[in-house]
Amino acid sequence: MKPWQPYSIVEGASFYHHICGQITIRFLKIYPFFFIIYFFVLAFAKAEQY
Numbered sequence: 001m002k003p004w005q006p007y008s009i010v011e012g013a014s015f016y017h018h019i020c021g022q023i024t025i026r027f028l029k030i031y032p033f034f035f036i037i038y039f040f041v042l043a044f045a046k047a048e049q050y
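Per the numbering used here, numbering of the sequence shown is gapless, rising by one per residue and ending at 50.
Read the hints as simulated data drawn from the structure, not as lab findings. No residue lacks a Cβ here, since even glycine has one placed at the ideal position from N, Cα and C. Just to be clear, a hint being listed does not mean it is correct.
[Stated by the list, open to error] For each label pair, taking beta carbons as the anchor points, the in silico distance ranges come out as:
1) E11 with Q49: 36 to 42 Å
2) E48 with S8: 33 to 39 Å
3) S14 with V41: 33 to 39 Å
4) K46 with H18: 26 to 32 Å
5) G21 with Q49: 35 to 41 Å
6) Y31 with E11: 25 to 31 Å
7) G12 with A43: 39 to 45 Å
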């Protein structure tokens, strides 16, 4: 194991966390839209069952 490997792992985790944060923020902005679509799909699926 090289001495700089743990540091690079920490750097990678930090970068990954930053990307996840950006995606989460963007997702939360459009989350209500997806929720409405999901609700309609669920309602349609239930209507199809009966």
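To see whether the hints hold, each was checked on the structure:
The supplied range of 36 to 42 Å is broken by E11 and Q49, whose beta-carbon atoms lie about 50 Å from each other. The hint said 33 to 39 Å for the Cβ distance between E48 and S8, and at roughly 51 Å that hint is violated. Taken as a hint, the range 33 to 39 Å holds for the pair S14 and V41, whose Cβ atoms sit roughly 37 Å apart. Separated by about 40 Å at the C-beta atoms, K46 and H18 break the suggested range of 26 to 32 Å.
Separated by about 39 Å at the C-beta atoms, G21 and Q49 satisfy the suggested range of 35 to 41 Å. Range check, Y31 to E11: about 30 Å between beta-carbon atoms, so the 25 to 31 Å window is met. Between G12 and A43 the CB atoms are about 42 Å apart, so this pair conforms to the stated range of 39 to 45 Å.
The earlier numbered hints that this structure contradicts are 1, 2 and 4.
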